[in-house]
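Heads up: the sequence lines are chains A, B and C, in that order.
Under the numbering used here, think of the first position of the first sequence as 1, with each following residue one higher.
Under the numbering used here, think of the first position of the second sequence as 1, with each following residue one higher.
Under the numbering used here, think of the first position of the third sequence as 1, with each following residue one higher.
It is possible that some hints are incorrect.
[Unchecked claim] The following label-pair restraints were derived from C-beta to C-beta distances: (1) C/Thr2 <-> B/Gln94: 11 to 21 Å; (2) C/Gly59 <-> B/Glu84: 43 to 53 Å; (3) C/Thr2 <-> A/Gln16: 50 to 60 Å; (4) B/Thr67 <-> C/Thr2: 21 to 31 Å; (5) B/Lys120 <-> C/Gly123: 43 to 53 Å; (6) B/Ile268 <-> A/Asp60: 28 to 38 Å; (7) C/Pro179 <-> B/Arg16: 15 to 25 Å; (8) A/Ser10 <-> B/Leu263: 16 to 26 Å.
Derived by calculation from the structure, the hints in this document are not laboratory data.
Since we're looking at a predicted model, the values are computed, not measured.
A virtual CB, placed ideally from N, CA and C, is assigned to each residue, including glycine.
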Amino acid sequence: MIRFRVNGRSAVPPYQQIVQQVRQALRMGLLAVGDQLPSVREVVAATAVNPNTVLKAYRDLEREGLVEPRAGHGTFVRALPPGPPPGTHSRLGRTLASWVRQARADGLDDEAMESLLRVTLQASAEEEIA
Amino acid sequence: MTAVIQTSGLTKHYGRVTALSDCTLTVPEGRISALVGANGAGKTTLLRLLAGLAAPTAGEAVVLGGTPRQDPAYLAEIGFLAQEIPLYRRLTAQDHIGIGAHLNPRWDGALVRDRLASLKIPLDRPAGTLSGGQRAQLALALTLAKRPRLLLLDEPLAALDPLARQNFLASLAEAAAPKGEGEVGGGLAIVLSSHLIADIERVCDHLILLAASRVQLCGDTETLLAQHRVLTGPRKDTTAIARTHLIVREDNTARQTTLLVKLNGPVIDPTWTVDEPNLEEIVLGYMSQDEAGHGVGRGQAAGRLSAIGGDR
Amino acid sequence: MTWVTWRQYRSQGALAAALFAALAVALLISGLHAAQVWHSASAGCRKDGICGNLSLTNGAFTTLVIATTAVPLLTGMFWGAPMVAHELETGTNQFAWMQSITRRRWLAVRAGWLLLAAAVLAGAVSAVVTWWMGPDHALNADAFKANRFDITGIVPVGYAIFAMALGIWAGMLFRRTLPALAVTLAGFAGLRELIALWLRLHYMTPVTVYYKLTGSPPPKGSYLTVSQGIVGPGGQPPVGTGNYVFNGEPIPAVCGKAIQHPGSIAPCMTAHGYREYLTYQPASRFWTFQGIETGIFVVLAAILLAVAFWVLKRRDA
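I would like the entire structure built from these sequences, with the hints used as guidance.
Written out as structure tokens, the structure reads:
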């Protein structure tokens, strides 16, 4: 059974932390197809978050097709999240390394680069929602 | 959706002291609501009025469809936990369970015993010998055993250490959780007060802010977060912004202007950097503006501030 | 609610029962002994007229018996005053009054049982004390006097009910145990003094008899003295010169010469129309007075309780 950790001080809202932790567990093989997720009660008792928060997270996961509720029994894993095609990580890593070299040459330090990445991710997420 | 709590113009005077002034608020059903405000803002008074322990000087409150009153049928639906966690110091937990069993029509003694057993709280020791956290858990269990539909808690975390606080909030959230899978809502609505928003931010999905005896904010936390933004930009005149949006708080340095606004549409001016505040920032914005002595907010709909609601 | 009252007060009840048992045993032993002494000696001393010297019992027991006058006050102070005040002080009323019970019923059941308990305790103590005082009354004929009347018969029950009501009323009004205790003590003691020393003397119009200065036998039985002294022909007390007194009253000027011969004072005054008078309540009125006094205290208790319930209804918790 997966155990959730909700960080109250994180900028990421609690329901999203739960969604991310489920996806992460699936990617790392800690959860397999057919496994049962903890009940809303169990999560709430362990993390002291609002029950609706957990319900929302499970609904999001259901919409993504990763989990499915079975009436009277609980919520179960339905599918693994789609992974990137093989070689993606190494290809993207090389692109990233050349970008970092370019950025350093232009005068950005590590912090500036991280900040730029964060803002870009945020803008990209907002674009996706819009 | 029917509201669990609906007040209109609720006012309470103690002699010449005004504890609550013209409070109008709504708590929809199924919520865990945070009642926030500084010490002396009127939180305890509001909770006591809702529980029926005190009567209002003016205005009215409708709780669970009726007026708070000394009627066994009403009292059976409401649970109230006072700040001092009042238990009979010389009586044991078992005695308190007995009292509850004799005085309530619906009583789940097994629930209390199970809870206490899982928290390793002894049943046969006088309540005065238990630790603060244990007493709080016992009092909570006794309140829940009535199977109320609404739980009112006055600063339940105030005297608890961090671990006891976490356990208490977890117990509370669990009580509001659905009993079985697929069931929507536990049927239990909760209002808990605190003067620290950070403590209860995670467990609450609704917020009421009291400042200077008045309701400054009332709504679902999700809505409040979606409605407010922090605008940062070079020091400039804010009249244009104020025409469209409600400026809750304005801070100016020599070079920079920072605004907490309640949005009324999108922010078009590109010179503003728009950020999402967290709940604590929003609450502090409303609280501090009031301390400065000004009416809260400048700009659009300043007068309607107390009617901010999040109910759907 | 009865169970709840029992659970909250059972240790106090046990204590009271234990103390009563101890008292009863002590007085039983002492009383049987005194009765024995009385029966064997009374025939003889009555003939010789020296019963006044008869010692029936150890002075300590007499003190104990007199002390039972405090029983109604103690139950009023320690059961009545804290009943509401302690709950308000510690906030436990917020626990009690949020159970599915009206505040009225909560107070009525608790007050009812404790009033009953106080009355029963006072009645039991009074019964034992009244029995114990049998020989003493027969010997000294002082049953009607203040500190005997108050501890026998049914008045202790009235006192106990009143003290409880006073304590409950004070607790409701002052909301703190210590002030409620103080008010109960002061109120009860003050009222009892007022009644015992003044009002009781006038429940019914007292009887006045006159007799000669050389003395006559007093009325029979345990009577209650209202006032006594010497009056002259016009109904006025004697007005005298100098410091000399006869039977506590000044010697009138007209008999001033008789001071040198004390034996002639009485005939002189008698010749001038002076008589002794005694205003009193006859012994036959003892039980009537017991009833009247009990009634007064019970009516006052009812009024106080009515006020307490009214305050309960009107005030915030």
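For each hint, the structure was consulted:
{"no.": "1", "hint": "C/Thr2 <-> B/Gln94: 11 to 21 Å", "verdict": "holds, 18 Å"}
{"no.": "2", "hint": "C/Gly59 <-> B/Glu84: 43 to 53 Å", "verdict": "holds, 51 Å"}
{"no.": "3", "hint": "C/Thr2 <-> A/Gln16: 50 to 60 Å", "verdict": "holds, 56 Å"}
{"no.": "4", "hint": "B/Thr67 <-> C/Thr2: 21 to 31 Å", "verdict": "holds, 30 Å"}
{"no.": "5", "hint": "B/Lys120 <-> C/Gly123: 43 to 53 Å", "verdict": "holds, 49 Å"}
{"no.": "6", "hint": "B/Ile268 <-> A/Asp60: 28 to 38 Å", "verdict": "holds, 31 Å"}
{"no.": "7", "hint": "C/Pro179 <-> B/Arg16: 15 to 25 Å", "verdict": "holds, 23 Å"}
{"no.": "8", "hint": "A/Ser10 <-> B/Leu263: 16 to 26 Å", "verdict": "holds, 24 Å"}
No hint from the list above goes unmet by this structure.
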